[in-house]
Structure formats: structure tokens, C-alpha cells
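Asker: Note that our numbering has the sequence shown beginning at 1, numbered continuously upward.
Don't take each hint at face value.
What the hints assert, rightly or not - Simulated crosslink set (BS3-like; lysine-lysine; CA at most 27 Å straight-line):
| id | residue 1 | residue 2 |
| --- | --- | --- |
| 1 | LYS21 | LYS130 |
| 2 | LYS331 | LYS341 |
| 3 | LYS341 | LYS207 |
| 4 | LYS207 | LYS130 |
| 5 | LYS207 | LYS260 |
Keep in mind that the hints were calculated from the coordinates and are not lab data.
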Amino acid sequence: MPLFDKALRLGEGKKFKQFEKKVARINDFEAEMELDSDAELRERYDALRERAVGGESLDDLLFESFAITREAARRALGQRHFDVQLIGGMVLHDGSIAEMRTGEGKTLTSTLPVCLNALTARDADGNPAKGQGVHLVTVNDYLARRDALWMKPIYDLVGVTVGILQSDENDWDAKRAAYEADVTYGTNSEFGFDYLRDNLATDAAEKSQRGHGFSIVDEVDNILIDEARTPLIISGAPEQAADLYYRFAELAPKMEQGKKPEGVEAKSKAWIADFDFEPDEKHKTVAVTEQGVEKAEKFLGVDNMYKAEHGNLVNHLQQALKAEALYRRDKDYSVIDGEVKIIDEFTGRILEGRRWSEG
Numbered sequence: 001m002p003l004f005d006k007a008l009r010l011g012e013g014k015k016f017k018q019f020e021k022k023v024a025r026i027n028d029f030e031a032e033m034e035l036d037s038d039a040e041l042r043e044r045y046d047a048l049r050e051r052a053v054g055g056e057s058l059d060d061l062l063f064e065s066f067a068i069t070r071e072a073a074r075r076a077l078g079q080r081h082f083d084v085q086l087i088g089g090m091v092l093h094d095g096s097i098a099e100m101r102t103g104e105g106k107t108l109t110s111t112l113p114v115c116l117n118a119l120t121a122r123d124a125d126g127n128p129a130k131g132q133g134v135h136l137v138t139v140n141d142y143l144a145r146r147d148a149l150w151m152k153p154i155y156d157l158v159g160v161t162v163g164i165l166q167s168d169e170n171d172w173d174a175k176r177a178a179y180e181a182d183v184t185y186g187t188n189s190e191f192g193f194d195y196l197r198d199n200l201a202t203d204a205a206e207k208s209q210r211g212h213g214f215s216i217v218d219e220v221d222n223i224l225i226d227e228a229r230t231p232l233i234i235s236g237a238p239e240q241a242a243d244l245y246y247r248f249a250e251l252a253p254k255m256e257q258g259k260k261p262e263g264v265e266a267k268s269k270a271w272i273a274d275f276d277f278e279p280d281e282k283h284k285t286v287a288v289t290e291q292g293v294e295k296a297e298k299f300l301g302v303d304n305m306y307k308a309e310h311g312n313l314v315n316h317l318q319q320a321l322k323a324e325a326l327y328r329r330d331k332d333y334s335v336i337d338g339e340v341k342i343i344d345e346f347t348g349r350i351l352e353g354r355r356w357s358e359g
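Based on the provided sequences and hints, a complete structural model is requested.
Answerer: Right, here's the structure in full:
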């Protein structure tokens with residue numbers, strides 16, 4: 001076995017033995033906690049809150065907190081965390097990735113670090129603490145609501161409040177209340193857009209988030225790799241007159257699309273396109289040819305659409321051609337009550353309040 005592999009395995013083995021020792025300490029609480037009433041179990045958790053607010057390390061409170069959460073799960077859901085789930089919870093608390101297969105109880109596992117880190121979610125007076133709180137990030141609205149409601153009986157038993165973000169929720173007060181809960185469930189895009197909106201706020205009272213203390217990301221590979229390709233962009237309100245859009249909507253179907261030939265001919269300076277534009281499905285872009293520009297200028301009645309006096313005519317042309325050639329109704333967008341609504345390419349759900357960055 002290569003020396004590097006041996007070193008890795010040695011490090012993993014050492015870390016796992018440390019986890020096993022911590023599991024044993026958690027298990028030591030089980031017998032006495034089984035004798036507690038629900039009120040006494042809640043008192044144990046409240047006592048941990050006071051210690052956490054007083055400055056005691058969460059790492060020191062982990063053992064009793066995990067034991068309380070496991071006992072609460074046993075009573076509220078009839079599900080007891082296995083030792084391997086305790087280890088998974090510790091891995092998440094450490095800020096590492098825990099790989100768990102479907103059916104191994106990752107939703108239940110997440111309640112362990114959630115309850116632990118929720119200990120600092122309130123200040124000494126019981127109010128939401130600035131910069132604290134737990135965010136649990138999921139890939140869609142359905143999972144956010146399902147998991148929050150599924151685990152809520154555990155949180156209710158120990159006094160942890162739960163908030164749920166939904167993409168179709170436009171009530172700012174409801175959103176603010178969700179963030180003021182000890183733990184907030186929502187999608188990566190909702191957390192991201194709320195962060196962007198908060199950075200645009202001119203007054204602290206207009207902000208919804210109270211900070212970023214601790215988060216757990218479900219399906220982390222999907223969210224941080226796949227969905228990370230889609231930028232989160234907040235665009236301003238449109239200012240152009242509607243009749244200009246109608247003009248370009250009329251022009252776009254008249255433009256002929258084509259494809260630049262591969263090989264020597266395409267690289268030759270003598271080659272002249274005999275079509276108006278070339279769409280690129282992969283990158284969602286269009287390239288307008290000289291012939292296409294001339295046709296557009298003739299249609300619009302301008303001598304040179306690239307002059308500053310003609311504003312954003314070139315951009316309008318490109319967006320109209322993209323809408324004509326690259327975006328499909330009921331696949332990329334839907335028209336509801338006369339309004340265009342974007343469809344999420346990953347979930348197939350309507351993205352309320354969103355618009356494409358370039359119009």
C-alpha cells in the first residue's frame with residue numbers, strides 16, 4: 001500500500017476512534033434521560049442554552065445535547081438515532097461532508113447538529129441573537145417544507161422554533177419571522193436571493209436575515225456544483241416602452257437562423273453568412289451576422305443600430321432572437337395571467353418573482 005494511502009487510512013482510523021469515544025459519552029446519558037418527563041427533558045435543553053449563551057463551547061455541550069435530541073426523537077417520532085447517525089451528526093457539526101445513502105436517515109441525523117447549534121440562536125433575554133440561528137438548505141420547496149414539518153415534533157419537544165422559506169412567499173413579515181426562528185428550512189436559491197436583497201437594503205429594518213451562524217446543506221454536491229452554475233441575479237424594473245418590445249417580437253420570426261460551417265470555409269475571410277443569426281443551445285446565446293444586422297436596421301428604420309443614440313437596440317435584438325430560438329414555452333417559461341414566469345430547469349417549478357438578467 002502506498003505511503004500516502006497508509007497515512008490517509010491512519011488519519012481516518014484515528015478520527016473514527018475519537019468519534020467512537022464521543023458516542024460512548026453520549027450513550028452514558030441515555031438511561032437517566034429515559035426516566036425524565038417531557039418537561040424535565042426540556043429543562044435540560046434550556047439549561048444548555050444558558051450555558052451556551054454564557055460562553056461555554058458547543059463542543060463541550062455536544063454530548064448532552066445529542067443525547068437530549070435522541071431521546072426527544074424517540075418520544076416524538078418513535079425513532080432513535082443509531083450510533084452511526086450520532087457520528088454523522090458530529091461530522092456535520094465539524095463542518096465536514098457526511099455521505100449517507102438513501103434510507104440511512106440523513107434527515108433525522110441533521111436534527112443532532114441543528115439542536116446543538118440552535119443553543120446559541122437566542123440571546124440571554126430569549127430574543128433572536130444577531131448573527132446566529134441555523135439554516136438548513138435543501139434543493140426545492142417541497143423538501144424544505146416536508147423535512148421541517150417531519151422533524152418539527154422533535155424541535156417542539158425541546159423548545160426549538162422552526163421557520164420555513166417558500167419561493168412563492170411574498171410576505172416580508174412572514175419571511176422575517178422564518179429567519180427569526182431557531183432553525184430555518186429553505187432552498188439554496190431563497191437563502192441566496194434574500195442575502196442579495198439584504199445587501200441592497202438601505203435600512204437595517206429592511207433586512208430579513210439576521211446573519212449566518214451555522215448551516216447544513218442537503219445534497220451538497222447538487223447545490224454547490226450543479227446548481228452553482230446558475231448565477232443569482234437581481235434585476236431592476238424594466239423601463240423600456242412596451243411598443244419597442246412588440247416591434248422586436250414582430251422582427252424575430254422574420255430573422256433566418258443558420259449555422260456557420262466547420263472547416264476551412266468557415267475560417268476564410270471571404271466567407272459571408274447567408275443567414276441572419278446563429279443560435280447556441282448550450283450557452284443560450286445568439287450571434288447576429290452582418291446580413292441580420294442589415295435586415296434589423298431596415299425593419300426598424302435606422303441607419304446604424306450601434307450608434308449611442310439608438311440606445312439598447314442591439315441588446316433588444318439579441319434578447320428577441322434568444323426568446324424566439326432558444327426558449328420554449330412550458331419548458332423554460334410559462335405564461336400565467338399574461339405574465340411570463342421562469343421555470344426552474346432543475347425542479348420544473350415556477351420561480352416566482354424572478355426574471356432573466358438581460359431582459
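Asker: Report the numbers of all earlier hints that the structure fails to satisfy, in ascending order.
Answerer: 1 and 5
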